[in-house]
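K.L.:
Given chain A, work out where chain B should sit, using these hints.
Protein chains: 2
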Amino acid sequence: MADSGKLYGIGVGPGDPELLTLKACALIRSLDAIAYPTNGEGHSLARSIAADVIPAESVEIPIHVPMVQEREPGRAAFDQGSLEIAGHLDAGKHVGYLCVGDPLFYGSFIYLAARLGEKHPIEVVPGVTSLGACAARLGQPLAARNEVFRVIPAPLSADQLTTELASADSAAVIKVGRHFEKVRGVLRALDLAGRAGLVAEATGEGETVTPVEDVPDDAQGYFSTILVRRGDPQW
Amino acid sequence: MADSGKLYGIGVGPGDPELLTLKACALIRSLDAIAYPTNGEGHSLARSIAADVIPAESVEIPIHVPMVQEREPGRAAFDQGSLEIAGHLDAGKHVGYLCVGDPLFYGSFIYLAARLGEKHPIEVVPGVTSLGACAARLGQPLAARNEVFRVIPAPLSADQLTTELASADSAAVIKVGRHFEKVRGVLRALDLAGRAGLVAEATGEGETVTPVEDVPDDAQGYFSTILVRRGDPQW
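Top line first, the protein sequences correspond to chains A and B.
Residue numbers 1 to 235, in this note's numbering, belong to the letters of the first sequence in order.
Residue numbers 1001 to 1235, in this note's numbering, belong to the letters of the second sequence in order.
Chain A with its partners taken away, still in its complex shape (with noise of 0.2 Å):
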């Protein structure tokens, strides 16, 4: 039997596929197959991020991820990925899996590296997360000197949201998307909205940055991401 090849978990960055590392662009290129998610439709955004520098005769696996709220079918479709993959790497060939932004910032791939990490070497190639573009585009920082800053899932409670925006000296909001209304009602309870800027599908093609205040009452894509700072806004 062969040696097992490796898995790498390979981070393409928030959109632009500039901001790929030559070390992921390098990999990708080398490795035998190719990984991703794609949403309901079949699109993967991670893949059209690398689409310039995946080889033609790349084998590639996608894993399609439902994107509902439960998590059994986004488990199964995990568990069915992972032994796609398996099957690769027991016959000794190497396997990246793209991930936007890093692969260990609330990526999927924490989800194979759990189901293959026991049984086969892995490599975690380190991405550009949204947070530093979205701070980019916004022009203004995410943290500076001793401020503490918290990375703060939108899915939460508005309790919860209210408990980690109450004391955070500099927060980002993350995976915003419906959940928008309820964490700028959050913001304005605590006088915070006219500081937070939110950014959507941040150096993608679909970009928009707009200050929190000035978005309208509609749904949001899931990409979106809010910024408060209580410092000093401009820089």
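By construction, these hints were calculated from the structure, which means they are not laboratory data.
Only a predicted model underlies this, so the values are computations on that prediction, with no experimental measurement involved.
Where is the CB? At the ideal position from N, CA and C, for every residue including glycine.
Don't take each hint at face value.
Reference excerpt, derived from the structure (chain B facing chain A, CB under 10 Å, subset only) [claimed, not checked]:
hint: 1; residue: Gly-1009
hint: 2; residue: Ala-1024
hint: 3; residue: Gly-1117
hint: 4; residue: His-1120
hint: 5; residue: Val-1124
hint: 6; residue: Val-1125
hint: 7; residue: Gly-1127
hint: 8; residue: Leu-1131
hint: 9; residue: Gly-1139
hint: 10; residue: Arg-1150
hint: 11; residue: Pro-1153
hint: 12; residue: Glu-1164
hint: 13; residue: Ala-1166
P.N.:
Leaving out everything else, chain B in the frame of chain A:
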């Protein structure tokens, strides 16, 4: 008078030159002048990461940042450096300022932007932070699902560190350096030290990865970070 040149804040990543982005490389190769911070001995980690892509004909602008606790000498260094950079911008030259990690994530570019942003156009190119690199080396997620992730500067008081770490799902304590024993004491009091790992110079030549309880009682370098997470440590 010429139109102002543009000031670029360029993230060069945590240490491995292969973690430069394509965009950072292209910009560094094309700009008229490259600025960067240096420590007291004149060494610049940011410059060393990007050394292979800085053209021989680039004007270089080192900014000597004194490694002292007081803020005034640092302010004077950035006052002086921003004057020199402004001279190039006023002559219509484009200038890049290299930052380890990401320019807006505790980066010294924030100080330059505060001084130059009103009169000169600014663009920030985000970079890979050390946090993703530290997680990659420790083989654990920074954060997953709906966990709150906190970034906590080690110079804070033991009381502040305790407050932040006591209620964090997952945290990175940054700028550990000479504050290591204080941080370890707080982690021990919270029964978290056994779950914490220290990474120094992640992905750089002097990289070390050590469980916090295995660190000997002596000083650590500046570029060190402690990660601690309550969730499943094995992915």
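K.L.:
So, for every hint listed, does it hold in this structure?
P.N.:
Comparing the hints with the structure gives:
A cut of 10 Å between beta carbons decides the hint on B:Gly-1009: the least distance to chain A is about 8 Å, and the hint holds. Contact between B:Ala-1024 and chain A, as hinted, is supported at the beta carbon level, the nearest pair being about 9 Å apart and thus within 10 Å. With its C-beta approaching chain A no nearer than about 6 Å, B:Gly-1117 sits inside the 10 Å limit, and its interface hint holds. Evaluation of the B:His-1120 hint against chain A yields a violated restraint, the C-beta minimum of about 12 Å exceeding 10 Å.
Because the closest C-beta pair between B:Val-1124 and chain A is about 4 Å apart, less than 10 Å, the hint holds. Proximity of B:Val-1125 to chain A holds as hinted, the smallest CB-CB distance being about 7 Å (cut-off 10 Å). Interface hint at B:Gly-1127: satisfied, since its Cβ lies 6 Å from the closest Cβ of chain A, which is below the 10 Å cut-off. With a cut of 10 Å, the hint placing B:Leu-1131 at the interface with chain A holds, because the nearest CB-to-CB distance is about 7 Å.
Taking 10 Å as the C-beta contact cut-off toward chain A, the hint placing B:Gly-1139 at the interface holds, the least distance being around 7 Å. Below 10 Å, beta-carbon pairs count as interface contacts, and B:Arg-1150 has one with chain A at about 5 Å; its hint therefore holds. With a least beta-carbon distance of about 4 Å to chain A, the hint placing B:Pro-1153 at the interface is held under the 10 Å criterion. Checking B:Glu-1164 against chain A by beta carbon gives a least distance of about 6 Å; that is within 10 Å, so the hint holds.
Interface restraint check: B:Ala-1166 against chain A, minimum CB-CB distance 12 Å, threshold 10 Å, status violated.
Against the hints set out earlier in the document, violations occur for numbers 4, 13.
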